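**Q** Here are the chains, one letter per residue:
There are 4 protein chains.
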Amino acid sequence: MIVIMKPGATEKEVDAVIDWVHTHGQKTHVIVGAEQTIVGVIGDRRMMPTHQVERMSGVDRTVPVMHPFKLASYEFVRQHTTINVGDLTIGGKSIVVMAGPCAVESREQILESAHAVREAGAQALRGGAFKPRTSPYSFQGLGREGLEYLAEARAATGLPIITEVVAPGEVELVSQYADILQIGARNSQNFALLHEVGLIGKPVMLKRGMMSTLEEFLMSAEYILSAGNEQVILCERGIRTFENYTRNTLDLNAVPILKQLSHLPVFVDPSHGTGRWELVPPMAKAAVAAGADGLMIEMHPHPEAAMSDGNQSLKPERLKQLMTELARFAHAADRTCGVEATL
Amino acid sequence: MIVIMKPGATEKEVDAVIDWVHTHGQKTHVIVGAEQTIVGVIGDRRMMPTHQVERMSGVDRTVPVMHPFKLASYEFVRQHTTINVGDLTIGGKSIVVMAGPCAVESREQILESAHAVREAGAQALRGGAFKPRTSPYSFQGLGREGLEYLAEARAATGLPIITEVVAPGEVELVSQYADILQIGARNSQNFALLHEVGLIGKPVMLKRGMMSTLEEFLMSAEYILSAGNEQVILCERGIRTFENYTRNTLDLNAVPILKQLSHLPVFVDPSHGTGRWELVPPMAKAAVAAGADGLMIEMHPHPEAAMSDGNQSLKPERLKQLMTELARFAHAADRTCGVEATL
Amino acid sequence: MIVIMKPGATEKEVDAVIDWVHTHGQKTHVIVGAEQTIVGVIGDRRMMPTHQVERMSGVDRTVPVMHPFKLASYEFVRQHTTINVGDLTIGGKSIVVMAGPCAVESREQILESAHAVREAGAQALRGGAFKPRTSPYSFQGLGREGLEYLAEARAATGLPIITEVVAPGEVELVSQYADILQIGARNSQNFALLHEVGLIGKPVMLKRGMMSTLEEFLMSAEYILSAGNEQVILCERGIRTFENYTRNTLDLNAVPILKQLSHLPVFVDPSHGTGRWELVPPMAKAAVAAGADGLMIEMHPHPEAAMSDGNQSLKPERLKQLMTELARFAHAADRTCGVEATL
Amino acid sequence: MIVIMKPGATEKEVDAVIDWVHTHGQKTHVIVGAEQTIVGVIGDRRMMPTHQVERMSGVDRTVPVMHPFKLASYEFVRQHTTINVGDLTIGGKSIVVMAGPCAVESREQILESAHAVREAGAQALRGGAFKPRTSPYSFQGLGREGLEYLAEARAATGLPIITEVVAPGEVELVSQYADILQIGARNSQNFALLHEVGLIGKPVMLKRGMMSTLEEFLMSAEYILSAGNEQVILCERGIRTFENYTRNTLDLNAVPILKQLSHLPVFVDPSHGTGRWELVPPMAKAAVAAGADGLMIEMHPHPEAAMSDGNQSLKPERLKQLMTELARFAHAADRTCGVEATL
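Chains A, B, C and D are the protein sequences, given in the same order. Under this note's numbering, the first residue of the first sequence is numbered 1, with each subsequent residue one higher. Under this note's numbering, the first residue of the second sequence is numbered 1, with each subsequent residue one higher. Under this note's numbering, the first residue of the third sequence is numbered 1, with each subsequent residue one higher. Under this note's numbering, the first residue of the fourth sequence is numbered 1, with each subsequent residue one higher.
Treat the hints with care, as some may be off.
Below, in silico cross-link-like pairs of lysine-lysine (DSS-like), each with a Cα-Cα straight-line distance of 25 Å or less [as the list claims (entries may be wrong)]:
| # | chain 1 | residue 1 | chain 2 | residue 2 |
| --- | --- | --- | --- | --- |
| 1 | B | LYS259 | C | LYS315 |
| 2 | D | LYS70 | B | LYS6 |
| 3 | B | LYS259 | A | LYS6 |
Which residues of chain A face chain D? A partial, calculated answer using Cβ under 10 Å [to be verified]:
| # | residue |
| --- | --- |
| 4 | THR249 |
| 5 | ILE257 |
| 6 | HIS263 |
Here's a subset of chain B near chain C, in silico, CB distances under 10 Å, partners left out [unchecked claim]:
| # | residue |
| --- | --- |
| 7 | ARG240 |
| 8 | LEU261 |
| 9 | GLY291 |
Because the hints were derived from the structure by calculation, they are not lab data. Given the structure is predicted, the values throughout are model-derived calculations rather than measurements. Where a beta carbon is used, it is the ideal one built from N, C-alpha and C, also for glycine.
Take the sequences, apply the hints, and build the full model.
**A** Here it is, written out as structure tokens:
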């Protein structure tokens, strides 16, 4: 950390800063500039209450040198992490596609979806049983009943299932059914929930908040990792910008940046990321070209009758076609995509 | 709701939309334009899954006519709501000031704070026992112990206390101590938590999310109201913008707009809203001039030693001086401010 | 400036950075940290091509210590600047109100407006002759003819006039008529235009760009100042945020921050800043409470027939009433507002 | 256009709206809803001053049905436009790559760059002679001298040249040298400049403003088209978001959306779009996968000595390698990329 003093800060003020740093067990190094003095702190600012020094007399501001996340950083592991879910390897050379409806609506719907997902060549089934909705009057999901249907769909197709958990009190229930737990964008800074999924032994897919910076996103991952769960998958799903033609703006820059900053696998969800089904294929291909380790794609057997987010769901035949197209882009990147990967 | 068809939509496509609306028990009215046809839906879209019709063939988009919130709307009540906490009336002619430290750090700190708050003329004591922090390595609050100290501070000064709750499982505990429960900005779309505080019989101060639109903010209030709790106080606390000189950008436009759209009392938190103590006095005065019903102000007896957010906390003497200044602006608005109000 | 090296940067890489700084005539000071080394540069980074060093091997990033603006900074002058326009003092104890229609539409309209502005107690007349419009099909202003009408309105009422200039080639023409030239928000980074108005001897009101940070805003002022024109007035007029209830989000935080960072007078335009006339009175009062030196308010004798921005214009009688209300808030701030100030 | 009346609007107010519409030569159709009445306007709102009706008594707001742009819309042409520059076809099956330094710094630098660009297989040379810089103290470009050097580089390599114009008064000069004129992001709403380049007979590459919505971007194109110049190329170059790890956030969603809304060719500039050279290759590939018609890539023979934006420039050998990689992704999209296209 660097402490930048105000122009005209007194020697006494500088000394007080130095004392404060020493009190916290770190060393200092002072540079007297033409107009301003700076105090370099040699040590780990993550263990210091930096806002205190910012309030000291004569201090202008502090500048961090290191990233605030540690367990999530690439430097901590120095290789890319892979996560296994049954036979499936996430974060390896083959790009993994998870697909399915936004919400589990009925036993028939999720079974039909699961078969369509498997037939298209995708490798996991998504579907929400607990749905966080912006309106209290909207469909909130089938709850435990939805989890039962998901389990049945897994039994019928062999596909692992990924589903969302929205409250700390439901983590235990959901982890009895799910192969991968999902934390949604609106809960990306629900620290109580992050801590709770950090205590279980199952992979967690963490979605980026709609307004999270990548540093904040990795700090949310740090919450899960620091509680003991090392199986975290990052998922870019669109941020909020001034563009109103789309629901969100899928930020593909996140892919190469996160691969650079962190060792964790990086997925992309072009369905929520754009909110329009016709933009899903081009953005899914672009995600592969940008280096994503996997994709989350909404598919609904009958999108025009979906109980949520039908507008961003592909039909089964379009998903199947997309899988073929994705394979071509994966090859251009010397990777494979979808079930072909496991052949 | 209005359904706008694409240019060139066929008669068959328009008919399908009409049928869909009728199936959902609403009436339609069609306008054939020069290039595009629109279908007006006569009825309440809040009860319809509008995303379904958006996915139908030939449909360009839908446009809502009514606001999505109902119980929170001014039209629903047609007068401004007041909320009583002991002798204190929130939302009336007198502007209420709540002050205190960001976090409860020790018994001594909160007792000293409480006395300073009362002496300055503010009317309620704030202090967090459960702290949502962006880093898992930061101070997370004293928990139940902090609640005990708050209760002791209330007993010593007579000030009602407001404190944050961060997880559904802790609502019962916190409401045993708090006079007003607070939902923080990062939990503004934690729907499970909103629902839970909607089930209790105590006032809830709901802070606006850092990236929430006012419509989303009111939809979060709607969650609490629709669960049965009518005592909701709205609090603007800064949004995220591109400005990086301040931590957040306090959005005072929210004050007159929320007073226009909703019947609920509107507070402003200039401390979190700016993140810099020297901006708190001018923005507090501006909040009063804009029509706020109350203020949340961070005060710490020793800001340079605070365990969180010391940078945005006023010292006791500065709070006292500010209360005097605020009274002048309140009078200019034909209102009163602080303890003078109850004289 | 501080140069932060990457973890693991070699001694050779650090030496290369030191050499580069010395080549540019500045001194260095090196701090070897636990994980990362930093190179402090003692001197003025404004005179160095900092992006070059950011590209050097082993460099992580650079951090500025000083603000990039100099002539616009408070430190440069160490007192608040006042600007005189005839008898009017801008930036002094009295708050100045400029009012009038968005666009000059006809001789009758601007004369009627000018009389209403004077009668309400405002001190300058605004009106656009050259209008930058987002659509090429919208009314673009009366041009030179509009300038003639403004001059006539000045002659009839004694009010100084402020009007916008949109192209470098028109600066000479507009400055023949205007008492104050205005640079609009969309031209806030039109550097050719900023340079050109820096060459004339008349006050310039510079509006903040809709997405400008305050540092960028002050850098635009720096363009004008560095070309030789010291009479610059800053005007906050709303930034773009995610809120769509209003056209823009008036950022009143800008007022105390700009007064802290700069010596230049600070105005607020609540009409463009909100885009809704009913929000103009509360936000105008809040601007006064926040410390603004003046206000720009749209008033139109017949807003429902205005050729642009009628939606944000006050009627004459509402302006007159607002002037009375503003005086009360100005007194609460120990200032005066409007014509009373000059009595 | 649809006019939505407020709840409780009177019959008289609705009639006044109807009269206003009729006065402007359009037809109306009224729908009386459960709570609110709407007035459908049958005709072209682009020719109506819609803000006037928004100010009328009883009116809540208006909703556009059609896009505000016309000449730029896909519907207007119903096929994708191609633009020829010498032998080069822009907007066709082959993806065009333009490369070169941010600024022309010297005769040697631009000649060396031009040869490297040709050798890498890119098809046009970029380089700025007039540079819009946020600081008045930064290098502002060589001006006319830079244009001469560009012409010499063209003569030496056969590459067409693209260069920026920053002021209406310089359009004539720049168009004497350039094969394609560029309008930079900060001038995307400099309407006087847009109009001026609309009067010439050369292709114009229009960069998206850092905060422009796609509708605003297309309205800027409309300015050029409506002045008579049909050769407009759109270029996405990054928008401003809350992410501060990169200078801008490249918005690849813009590619499929613009191809859907407009007939104009769409380019992507991953260099300015990210501001970091190591992100250029993955984002360039992603742009190709998303459907871009071309790329603008910064390359500098000696990036660590560049006078501007060296941090985002590729070295010649990295550009050459990227061209090979891009060809693979182009083939996956059934297209070609770079010089191979013309073989």
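**Q** Now tell me, hint by hint, if it's right for this structure.
**A** Evaluated hints:
1. B:LYS259 with C:LYS315: 22 Å, holds
2. D:LYS70 with B:LYS6: Given that 25 Å is the threshold and the Cα spacing comes to 15 Å, the pair holds.
3. B:LYS259 with A:LYS6: Violated. B:LYS259 to A:LYS6 sits at ~41 Å, over the 25 Å cutoff.
4. THR249: Holds: closest Cβ of chain D sits about 6 Å from A:THR249, inside 10 Å.
5. ILE257: With a minimum Cβ separation of about 6 Å from chain D (threshold 10 Å), the hint on A:ILE257 holds.
6. HIS263: 17 Å, violated
7. ARG240: 9 Å, holds
8. LEU261: Given a least distance of 8 Å, the restraint on B:LEU261 holds.
9. GLY291: 5 Å, holds
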